[in-house]
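Protein chains in written order, with our numbering: chain A, 2 to 321; chain B, 997 to 1164; chain C, 2 to 437.
Please keep in mind that the hints were generated in silico from the structure rather than gathered at the bench. Be aware that one or more of the hints could be misleading.
List of simulated lysine to aspartate or glutamate pairs, EDC-like, C-alpha gap at most 16 angstroms [unchecked claim]: (1) C/Lys247 - C/Asp297; (2) A/Lys49 - A/Glu75; (3) C/Lys405 - C/Glu323; (4) C/Lys315 - A/Glu99; (5) A/Lys57 - B/Glu1063; (6) A/Lys205 - A/Asp222; (7) A/Lys264 - A/Asp229; (8) C/Lys111 - C/Glu77; (9) A/Lys50 - B/Asp1106; (10) A/Lys57 - B/Asp1059; (11) A/Lys49 - B/Asp1106; (12) C/Lys315 - A/Asp103; (13) A/Lys50 - A/Asp84; (14) A/Lys50 - A/Glu75.
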Amino acid sequence: MTMSRNPQLNAHGELIHLLSIEGLPRAVIHQILDTAGTFLSVSEREVKKVPLLRGKSVFNLFFENSTRTRTTFEIAAKRLSADVINLDIARSSTAKGESLLDTIANLSAMHADMFVVRHGESGAPYLIAQHVAPHVHVVNAGDGRHAHPTQGLLDMYTIRHYKRDFTQLSVAIVGDIVHSRVARSDIHALTILGVPDIRAVGPKTLVPGDLREMGVRVCHDMTEGVKDADVIIMLRLQNERMSGAMLPSAGEYFKNYGLTAQKLALARSDAIVMHPGPINRGVEIDSAVADGKQSVILPQVSFGIAVRMAVMSTIAGNDT
Amino acid sequence: MTPLLLDAEALYAQLREGLRPMLRADSAIVGIWSGGAWLAERLQRDLGLPGPHGVISSTLHRDDFGERGLVAKADPTHLPFSVEGRPIVLVDDVLYTGRTIRAVINELFDFGRPASVALAVLVDRGGRELPIEAAYAAARISLPPTQRLSLAHDASGHFVFDIENKTA
Amino acid sequence: MNILIKNGRLLDPATGLDRHGDVAIAAGRIVSLGQAPAGFQADQQIDASGLIVAPGLVDLAARMREPGQEHEGMLESELEAAAAGGVTSLVCPPDTDPPLDEPGLVDMLKFRARNLSRCRLFPLGALTRGLAGAVLTEMAELTESGCVGFSQADVALADTLVLMRALQYAATFGYTVWLRPQDAWLGNGVAASGAVATRLGLSGVPVAAETIALQSIFELMRITGARVHLCRLSSAAGVQLVRQAKAEGLPLSCDISINSLYFIDLDIGYFNAAMRLTPPLRQQRDRDALSAGLADGTIDALVSDHTPVDSDAKTLPFAEAEPGATGLELLLSLALKWGESSGAGMARALARVTCDPVRVLAPALGALGDSAGRLVPGGVADVCVFNPTAAWRVQPQALRSQGKHTPFGGWELPGRVHCTVVAGHIAYEASRPPAS
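Here chain A stands alone, though its shape is the one from the complex (with noise of 0.2 angstroms):
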């Protein structure tokens, strides 16, 4: 089967599955992030639950451990008044050598109407929705280093909420781009809410020139890179980055790309620092600016529910 239309749209145009944030019109972002508002006064309330999923199974398909993400879902979920199921495939059926549609197939004859999928490889998600059930709907929690789009929502929520007007931002994503999935979706994300001034920092090995082509501007001095930014994402440097071919340790990339309470000062004055979490502390980002009064780390948290149950709710009301 060849997909030729974008295969997260029906035949109206309307969205019936979440893989990327790559292809969506700008409408529909600023729905999704509306109707996040939404979902967010919910949260504030006595009653924290709606019923617009009920009777509906959600199944958490994580193959890739992540008890964050995995939570927050479950409790976007459990919200909507969905039932909830969380499979651990890293140590079962997959582990035993089951393909990854016969896992799907075998799920789906359980009824299942919403697979929340994490996967190791780029493009996990997309064979999973070609091959599901016509009513089931598919929301990619994270395929390799592809997407990551309801991350890439939530960031977009909280600029929203602290900075208004996209179109006058400089947004400044340091770090370990080439391997992120969730500096992949911002760059989508900001690129169609229409931020002017993207820049990707970080050395050369983590921030190839190749990412020009993506519409960023590539700054491998980080002094360059924050100058004047009004938000700042930070993305996490994982472990098996540290040391090897790409980087020699820790604590050299700290020295250099590290936000420190004198490289926020290049920013704007009321920069915003975020960072998709978990942090590392000392490593990516001093524990004083992650704490500090410029962060708006926490509050992502909050918003990353609201936002996932927006987004199960707008794919589980249209037909696929």
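Dock chains B and C against the given chain A, drawing on the hints supplied.
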């Protein structure tokens, strides 16, 4: 009275007077978005009630989510007071099938347990599909199902009625 | 068996032959071109009116998946696919299971193929035992069993000392070494480095993986004097290096696959595993350079790179999917289509799949090389009769190969094979349904 002769401002005046006897000391007016919200705003002012009025949306409890998906544009529910133990008066422009009221009552109860819930509307056009009634309706009329009736503003801010022929 | 092919347009790019006439075949050889000899009694007649009669195609890269990988393609189905594609001779790489590093395995393969009488099969022997890149194989013994050259298939040989010794040894006997120019470490990605791989989050293979390997191979050729055939070029920079090396006089030839000639990285689309190929699909400029190189002869041959892959191995996330695509049944049509769209013309396009591949093989073919890939009176009767304008749609499930995965699925292509003759036997005829 045919729809073309409905004078929204006149009906509003009747609604305002009809509502007065329904109010108790601690009653709160809650308008159903969007037409009811405009009514509630004006009523709160004209009746000299203390504090802010509430606005409530049916979006999250609608029964047609499976067919229509999430309705795109609706201001979220905003109830700047406690619902617990208070008599609530819901206000809306048009009462028709009653499904919106059902959804709104469910939404209201997510916030607490009111002492009572009453409904006051500008126009009751019949066609109920649920056992729901308004304690006060300024006008009772009949419209064919192909026509959609709702409240609107004209250029100078006065209430007017909008009648649309539904294509689908 | 006496065969008379009547009234076709005889086309042989090797000799410039292009005229109407008959071809008379007897005892596996072409008896005459043009007019059948007086008294020639044909057991079988083929009406070639409106059709082209050309030499049978010679495909320098087609995997048969035997021995060992039978679930992916058996000799029967793949040779049938070859015949249906007008291919009369093919070269298969040694990456079978076990690899073709023992004369017994080669003997068996050749024996099986000969009995099927569908297509001549020329195996490449493994350059090192088990393709492990450490110990040389018995190249002389393997050649005696029928190997036409030695190769590592797609298995990188990183140890330059071993590679140099292998080339030296092959050069001793005048054997050709067939090498994929791909660096062992830089070549490990799943998609070509560039905007698309970056956007899709796929590990990249930079052009340097090919150019570094090419430069190393050329240096070793200068030292050892070995003859090398470069398999599956993919980049503009690579073509340019080959051009310079040929101008220098190094004894080398090269080929490209049908996939690289037609597709670019953008065609991966939404992680379409049919585009998971090795070498990976590069960018527009690379494709243009490959086409220009094929036209001006820098690239000697166009190959199908036929690689049957099981559906289970393709319905996986892109990076995990097995690379490869079916191609034997598409080679002729794609060559013709290229000839037309590039302006190179049908004769030149046909040359790249008939006489030019034979030139690459010639040192190993012996007497066969005098007439294979050509139409020569007294020469071997390996003929392909086809309709150059008839179009057909590529329907993967209808292909004879057990490999159903092709990036060309759904394409409409010109050129239908009407009849294929191998060694004077009819190996394929269009009216016959596929053997079950």
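Checked hints:
1. C/Lys247 - C/Asp297: Given that 16 angstroms is the threshold and the Cα spacing comes to 13 angstroms, the pair holds.
2. A/Lys49 - A/Glu75: 14 angstroms, holds
3. C/Lys405 - C/Glu323: 13 angstroms, holds
4. C/Lys315 - A/Glu99: 15 angstroms, holds
5. A/Lys57 - B/Glu1063: 15 angstroms, holds
6. A/Lys205 - A/Asp222: 10 angstroms, holds
7. A/Lys264 - A/Asp229: 11 angstroms, holds
8. C/Lys111 - C/Glu77: Since the Cα atoms of C/Lys111 and C/Glu77 sit roughly 13 angstroms apart, the hinted pair holds (cutoff 16 angstroms).
9. A/Lys50 - B/Asp1106: 8 angstroms, holds
10. A/Lys57 - B/Asp1059: Judged against 16 angstroms, a Cα distance of about 15 angstroms means the pair holds.
11. A/Lys49 - B/Asp1106: 8 angstroms, holds
12. C/Lys315 - A/Asp103: Measuring from Cα to Cα gives roughly 14 angstroms; hence the hint holds.
13. A/Lys50 - A/Asp84: 12 angstroms, holds
14. A/Lys50 - A/Glu75: Distance ~13 angstroms between A/Lys50 and A/Glu75 Cα, so the pair holds.
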